[in-house]
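Peer 1: In the working numbering, the protein residues as written are 3 to 142.
Keep in mind that the hints are not guaranteed to be accurate.
[What the hints assert, rightly or not] Simulated crosslink set (BS3-like; lysine-lysine; CA at most 27 Å straight-line): (1) K59 to K70; (2) K70 to K87; (3) K64 to K19; (4) K59 to K5; (5) K55 to K19; (6) K19 to K59; (7) K59 to K49; (8) K5 to K77; (9) K5 to K55; (10) K101 to K77; (11) K87 to K5; (12) K77 to K59; (13) K87 to K49; (14) K70 to K5; (15) K49 to K101; (16) K49 to K19; (17) K101 to K5; (18) K55 to K87; (19) K5 to K30; (20) K55 to K77; (21) K59 to K30; (22) K77 to K30; (23) K19 to K30; (24) K70 to K101; (25) K87 to K101.
[Stated by the list, open to error] Distance ranges between label pairs, derived from CB positions: (26) K87 to D37: 17 to 25 Å; (27) K19 to N72: 18 to 26 Å; (28) D102 to K59: 19 to 27 Å; (29) K5 to S89: 27 to 35 Å.
Source of the hints: derived by calculation from the structure; they are not laboratory data. Cβ coordinates follow ideal geometry from the N, Cα and C atoms, glycine included.
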Amino acid sequence: LYKGTNGVLLTYDVTDKNSFDGLYHWIKECYDNCDLSRTIFYLVGNKLDQAEKQVNKEDIRKLLEYVKTNHTDFKINAVFEVSAKYSNFVYGLFDNVIKDLVEHRCYFDENKLRSKRSVDLSTARDDQQTNCCSYWSNGS
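Working from the sequences, and respecting the hints, build out all of it.
Peer 2: In structure tokens form, the structure reads like this:
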């Protein structure tokens, strides 16, 4: 599952500290098995809509410091908090991750890509207001 990985979403439940603490295991697992020269990592907290958060910014800061200190060459490019209850947040997450992967050119070998048909990812989505995968932007 790790061979050729371009991006990894390390996810946790913001209302469950144990799920967040489990990231330490998954970070080591990815560190030991992923090609760190080509894989980009993202930290994603889910259930942002819930009031009883157990994971705070200090917990995230400690995790990022742990990674920096103990797993050199392992870089978490971005931290997101979303709610799967609202598809627009999830869709925005994937839009940002895909954009980041494209900008870092880690998703393809340019020489191989030239020999294949290209795919146009710029086409408009159907019914952006009511589609289950709609995207909402706050202007940023």
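Peer 1: Determine for every hint whether it applies to the structure shown.
Peer 2: These are the hints, each one checked on the structure:
1. Distance restraint check for K59 and K70: the Cα-Cα separation of roughly 16 Å lies within the 27 Å cut-off, and the hinted pair is therefore satisfied.
2. With a C-alpha separation of about 32 Å, the suggested pairing of K70 with K87 is violated against the 27 Å cut-off.
3. With a CA separation close to 13 Å, the supplied pair K64 and K19 stays within the 27 Å bound.
4. For the given pair, K59 sits about 32 Å from K5 by alpha-carbon distance, which is inconsistent with the 27 Å threshold.
5. For the hint linking K55 to K19, the alpha-carbon distance of about 9 Å falls within 27 Å, and the restraint holds.
6. Between K19 and K59, the direct Cα distance comes to roughly 12 Å. Compliance with the 27 Å bound is thereby established for this hinted pair.
7. Distance hint between K59 and K49 is fulfilled; the C-alpha atoms sit about 15 Å from each other, no more than 27 Å.
8. As the CA atoms of K5 and K77 are separated by approximately 18 Å, the hinted pair is consistent with the 27 Å bound.
9. The hinted pair formed by K5 and K55 fails the criterion: a straight-line CA distance of about 34 Å is larger than 27 Å.
10. Of the pairs offered as hints, the one joining K101 and K77 holds, with about 17 Å between alpha carbons and a cut-off of 27 Å not exceeded.
11. Our distance criterion of 27 Å between C-alpha atoms is broken by K87 and K5, whose separation comes to about 32 Å.
12. As the CA atoms of K77 and K59 are separated by approximately 18 Å, the hinted pair is consistent with the 27 Å bound.
13. Between K87 and K49 the alpha-carbon distance is near 8 Å, which keeps this suggested pair within the 27 Å criterion.
14. Proposed proximity of K70 and K5 is supported: the alpha carbons are some 23 Å apart, at most 27 Å.
15. Only pairs whose Cα atoms come within 27 Å are accepted, and K49 paired with K101 is accepted, the gap being roughly 23 Å.
16. With a C-alpha separation of about 12 Å, the suggested pair K49 and K19 falls inside the 27 Å cut-off, and the hint holds.
17. Under the criterion of a C-alpha separation no larger than 27 Å, the hint pairing K101 with K5 is consistent with the structure, at around 22 Å.
18. Of the pairs offered as hints, the one joining K55 and K87 holds, with about 16 Å between alpha carbons and a cut-off of 27 Å not exceeded.
19. For the given pair, K5 sits about 16 Å from K30 by alpha-carbon distance, which is consistent with the 27 Å threshold.
20. Restraint check for K55 and K77: the C-alpha separation of about 25 Å stays at or below 27 Å, so the hint holds.
21. Distance restraint check for K59 and K30: the Cα-Cα separation of roughly 21 Å lies within the 27 Å cut-off, and the hinted pair is therefore satisfied.
22. At most 27 Å may separate the alpha-carbon atoms for a hinted pair to count; K77 and K30 meet this at roughly 12 Å.
23. For the given pair, K19 sits about 18 Å from K30 by alpha-carbon distance, which is consistent with the 27 Å threshold.
24. A threshold of 27 Å between alpha carbons decides the hint, and for K70 with K101 the separation of about 24 Å falls inside it, so the pair holds.
25. At most 27 Å may separate the alpha-carbon atoms for a hinted pair to count; K87 and K101 meet this at roughly 23 Å.
26. For the hinted restraint 17 to 25 Å between K87 and D37, the CB-CB distance of approximately 34 Å leaves it violated.
27. At roughly 20 Å, the beta-carbon separation of K19 and N72 lies within the given 18 to 26 Å, and the hint holds.
28. D102 and K59 have their C-beta atoms about 21 Å apart, which keeps the hinted 19 to 27 Å range intact.
29. A beta carbon spacing of about 31 Å between K5 and S89 agrees with the range 27 to 35 Å that was offered as a hint.
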